[in-house]
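Chains A and B supply the protein sequences, listed in that same order.
Under the numbering used here, the first residue of the first sequence carries the number 318, and numbering increases by one thereafter.
Under the numbering used here, the first residue of the second sequence carries the number 1087, and numbering increases by one thereafter.
Since the hints were derived computationally from the structure, they do not count as laboratory data.
For clarity, every value in this text was computed on a predicted model and none was experimentally measured.
It is possible that some hints are incorrect.
[Unchecked claim] The list that follows gives simulated cross-link-like pairs (lysine-lysine, DSBU-like), each with its CA atoms no further than 30 Å apart:
{"id": "1", "chain 1": "A", "residue 1": "K329", "chain 2": "A", "residue 2": "K534"}
{"id": "2", "chain 1": "B", "residue 1": "K1331", "chain 2": "B", "residue 2": "K1187"}
{"id": "3", "chain 1": "A", "residue 1": "K384", "chain 2": "A", "residue 2": "K401"}
{"id": "4", "chain 1": "A", "residue 1": "K329", "chain 2": "B", "residue 2": "K1485"}
{"id": "5", "chain 1": "B", "residue 1": "K1485", "chain 2": "A", "residue 2": "K534"}
{"id": "6", "chain 1": "B", "residue 1": "K1224", "chain 2": "B", "residue 2": "K1331"}
{"id": "7", "chain 1": "B", "residue 1": "K1485", "chain 2": "B", "residue 2": "K1473"}
{"id": "8", "chain 1": "A", "residue 1": "K401", "chain 2": "A", "residue 2": "K534"}
{"id": "9", "chain 1": "A", "residue 1": "K401", "chain 2": "B", "residue 2": "K1473"}
{"id": "10", "chain 1": "A", "residue 1": "K329", "chain 2": "B", "residue 2": "K1473"}
{"id": "11", "chain 1": "A", "residue 1": "K436", "chain 2": "A", "residue 2": "K401"}
{"id": "12", "chain 1": "B", "residue 1": "K1224", "chain 2": "B", "residue 2": "K1323"}
{"id": "13", "chain 1": "A", "residue 1": "K492", "chain 2": "B", "residue 2": "K1485"}
{"id": "14", "chain 1": "B", "residue 1": "K1224", "chain 2": "B", "residue 2": "K1187"}
{"id": "15", "chain 1": "A", "residue 1": "K503", "chain 2": "A", "residue 2": "K401"}
{"id": "16", "chain 1": "A", "residue 1": "K401", "chain 2": "B", "residue 2": "K1323"}
{"id": "17", "chain 1": "A", "residue 1": "K384", "chain 2": "A", "residue 2": "K534"}
{"id": "18", "chain 1": "A", "residue 1": "K503", "chain 2": "A", "residue 2": "K492"}
Next come the chains, spelled out residue by residue.
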Amino acid sequence: MIRLIDITRTFKMGEQTVLALNQINLNITSGEYVSIMGPSGSGKSTLLNIIGLLDQPDAGRYELDGKVVTELTEVEQAQIRREKIGFVFQSFHLIPRLTAAENIELPLTLDGVPVSERKIRVQNALQAFELEQRANHRPSELSGGQRQRVAIARATIMQPSVILADEPTGNLDHKIGAEVMVLLEKLQQHGTTLIMVTHDRELGARATRQIAMRDGKIISDQTHDPV
Amino acid sequence: MTLFDTLQTSLRTVISYRIRSVLIVLAMSLGVAAVVILTALGDGARNFVINQFSSIGTNLLVVLPGRAETTGSFPGAVLGQTPRDLTLHDAQLLGRLPQVKRYAPLSIGAAELSIPNRLREVTVLGSNADLIPIRHMKLAQGSFLQHGSGRSAQIVLGAKIANEFFPRIPAIGQHIRLGDSRFLVSGILAPQGESMGFNTDEIVIIPVDYAQVLFNTTSLFRILVEAKNHGQIESTKQAILAALKQSHDGENDSTVITQDAILATFDRILEALTLAVAGIAAISLIVAGILVMNVMLVAVNQRTAEIGLLKAIGATSMDIRRLFFTEAAWLSLVGALLGFIFGQLGSLLIRIAYPQLPAWAPVWASLAAIGIALFTGIAASTLPAVKASRLNPVTALGKK
Ligand SMILES: Nc1ncnc2c1ncn2[C@@H]1O[C@H](COP(=O)(O)OP(=O)(O)OP(=O)(O)O)[C@@H](O)[C@H]1O
Ligand SMILES: [Mg+2]
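Pulled out of the complex, with its shape left as it was, chain B reads as follows (with noise of 0.2 Å):
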């Protein structure tokens, strides 16, 4: 028997046995599916942490007062001593560094916000003009804190709380009270929700130095540095692990984390999960290829009247064995394609339902859904196609 007829005869087979053959191709399908999805999740939500961190900028280093790095404990504390807090000299000092192209101050608290009738408390967030740039951040109205202009008495308003303030007149050129201060206002920040924990809609910015006297402090929160390129962040924390050092009295008593070292460890924990629910959606495909045996060994059991004549009219072992096989590669080939566009549609509902992660299915995890429903179907159909090839012909025409 031709390789051809073989195929087209077990496709009519498969055809003609219509309900069992429609349950198979569920069963396989949904697990191909169920593969294709669940990986897109997984590499969605992986890509959108990466998504995140790059909106925040890849070339970011962030320094922080404190040896925190392993193990969290300050090694200082331990010998009795408080790590040197950051100052803006040392901000001043890294600024200065050839590797650094600009960097960002940060002091943070919080204050009363008020005009004559409304008040409230608010995060405020001491800078300089290139936090825009090294956060990413956008302004919706106004500029920002000017170069230069650091001894002027500006505020930017979080999208929410100009709104709140001003809703009915511009925001821009009013004056509003921040704890004792008169501040006016020049710019307003585009709303932008969420950022790394950080809801900027309901912030206001104010020069650093305004910030240390508002707050009573000369202590910063972190220090925002953009190295000039993303090969250089390596050396550029060295740099800034040596300036730091120096300024501080030859104290090794400040860390600088970079974009990298978080994004490494996220998307390692992603990855991993990504695995672990592939390979979770993996066994409905081994639990299908266990429902093709079955249905197998019960058409071998319901055909053997069938599989007797065909040996007596000359089909050999070989015909025999291959006709139950393409029947179980139809089976299986059918549910893996379903699957995976099963699996695509899918894929295509989560990306419209949520724009933000992009749940595209890697291209691996198509290819070992598809291979492994192919293998295990054709694989289970095994025995069942050796059962029938040694049928003997004459209790098998026997039988009803």
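Pulled out of the complex, with its shape left as it was, chain A reads as follows (with noise of 0.2 Å):
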């Protein structure tokens, strides 16, 4: 459950002070799939991050599962994310250094999850997610899919109530990013709450509920039958 009160944003540049989120107010209940869309620096990705606990508003209260985090300590926020928020990003962000399994274990080490347990699991996440022949390769050995395959994987690892993607097919082409989809919302049949940002109409169509902003407000929301 999350709830958004009067969230606002602001950066400065220089002399200038830009308003990416202007007073934003949210509910998203658990299990939803949300889309957001609008023009680009509407301040859809401020409001992910600020939602994944990457950022912090200027005002504005937020409240996650009924617990008002925006006042939390640092270490008790990386928990939050640790423990309740999956990131899926554009470009995939895995670490080059490590394979395919060691970057799905990361959240596990980071949690200080033991050895044993942290194998069998990313053993499932990789037969979930069908990157078996893949688990020691690298990133760079890896087509776009596959290394958005073995991101979703790693957001998933720890198994978190929202999954939070910001333009996850963006650098993917037609098809892959229609299969990367599926699996996102595979995720969402389970019972994870998907809210992911992205330009592509058609996409953004799929979502039972779709936000539109423009200049850091929510001009539109709209809940409809999946199509």
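Bring the two chains, given one by one in their own frames, into a single complex with the hints.
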């Protein structure tokens, strides 16, 4: 359960201040499938980063699962990111030195999960995302679709309640992008909240709830049955 | 993140940036090796000098005429008197002191040594039979000047002299002319080379009374005295001074040099030298530390996006700091240990090349080198580590 109340975020660019988010109010219930669309610079990524606790608002209140998270310490916020939130990025952000399996293992390592359990969970994830043949390959040896599958496996290995995807198919061709969407939607069907920023109208239309933004404000918020 | 995982993760990072890591480790290890090798050399030189002294015998006291204690000037000379000479009588007097084990008078000069078709000038020592044990000399053949045979005209030849004069026939028992007198060769010194600035291979030794006749003098150059035990050196020195004062009509005109005094001076000088050299070498460690800082700052820049990602998947600032910290620690640790091994190998090579030089690095120097390497490496990584941990994750992720 995500609850944003009067969230404002400004950036200073020299003399100018940019109002990236202008008093955003938004409730997202668990298991929802939300797409966020809007022109470039409208504040979509900033909104996603604040929901993911990567960025702090200048004003407003953010409650996650009934807890005010804007006031938490850095360490507590990191723990929430680790346990409840999974990020999927346009440019994958895999660590080039590590193999696919090791990239997927990273959140477990950060959380201090014992090695034996880590190995089992990574093995299961590799299976679930059809990456077993690629377990020991480095990102440079993987295709774009495979890289994004590794990134999704990493985002879900801690079984988060929310997945935040910022243009997850932006670097993929149409067909591969569609396959990645199917994976994300499958996760959502199993109860995970999925919030996705996209420029692609067709992809955005697949979400049950579609939010449109402009100049840091939500200009429309529609819920309808999936097509 | 557990400590074990942190150490393992950063070790993997170190290994995967192979060239960079090899260069830092090399710089670190050269610094440590320099400290180890240079202090090994310094300490080796110190021990070399100490060994030289003890080969002469640390119970040795040297008596010389005149008071030349600290200023080097003779107070007697200032007052218009010449210091009284040391005589054989003085030497015998010292021999009777209860603290004295044995003594050897020393008279020194040059004379022509000849056989029918050979002639050369040699340094002549006049002494007695106790010179051999006091100076820890060795005979190759024959016997030294016999006790109680001071009246017989015997001569002991240095190894090189014996070889020059009697290359084909045994020298022992041959007659040889020194100045105007005939001597019987009774012994040959074992080759020894330089010993405290004295090449014993090129000297000849005759009984001290013959030497005094030869040089037409009653005075002695030195009296060497061996104390009964090392703990009594100082009281022996005082007893010698008192005996000579009495024998010289109450005039304090002799000097006694103990090995300890000379040794202590050399020891201090060489220790200071070792410290200075170690200090200079330690500067290279600090340079290596700055290199670590530089390389880690570059690493933070290179891996900015990665740091952002780590934060996005739940790493705390502390996790990030520790990762960069341990990375520097690995580099420093491997560099320090490798440098220690290099240094020990280098010292070993020096010992093989110069067996008389006991080039062992002192333990304190090795520990200090490793300690400084670890400390500078880790301290130098503080700034990069803190910088990494403070990165804003959103801007970090945006970097390519
Ligand atoms: N770190 C920053 N410093 C300064 N201004 C920023 C920063 N991040 C975002 N902005 C500004 O805030 C506004 C919103 O940015 P945001 O990245 O959220 O837009 P977006 O909707 O994601 O755009 P796009 O579709 O291009 O990704 C923009 O005007 C942008 O210039
Ligand atoms: Mg964006």
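Here is how each hint holds up against the structure:
1. K329/A to K534/A: Distance ~18 Å between K329/A and K534/A Cα, so the pair holds.
2. K1331/B to K1187/B: Holds - the C-alpha atoms of K1187/B and K1331/B are around 21 Å apart, at most 30 Å.
3. K384/A to K401/A: With Cα atoms ~13 Å apart, K384/A and K401/A stay inside 30 Å; holds.
4. K329/A to K1485/B: Judged against 30 Å, a Cα distance of about 19 Å means the pair holds.
5. K1485/B to K534/A: holds, 26 Å
6. K1224/B to K1331/B: violated, 34 Å
7. K1485/B to K1473/B: Between K1485/B and K1473/B the Cα gap is close to 15 Å, so the pair holds against 30 Å.
8. K401/A to K534/A: holds, 26 Å
9. K401/A to K1473/B: holds, 27 Å
10. K329/A to K1473/B: OK: K329/A and K1473/B at ~21 Å, within 30 Å.
11. K436/A to K401/A: holds, 21 Å
12. K1224/B to K1323/B: At roughly 27 Å apart (the allowed maximum being 30 Å), K1323/B and K1224/B satisfy the hint.
13. K492/A to K1485/B: Status holds; Cα separation ~28 Å.
14. K1224/B to K1187/B: Holds, because 19 Å separates the two Cα atoms, which is no more than 30 Å.
15. K503/A to K401/A: holds, 18 Å
16. K401/A to K1323/B: violated, 88 Å
17. K384/A to K534/A: This hinted pair holds, its Cα atoms lying about 24 Å apart.
18. K503/A to K492/A: Distance of about 17 Å is within 30 Å: holds.
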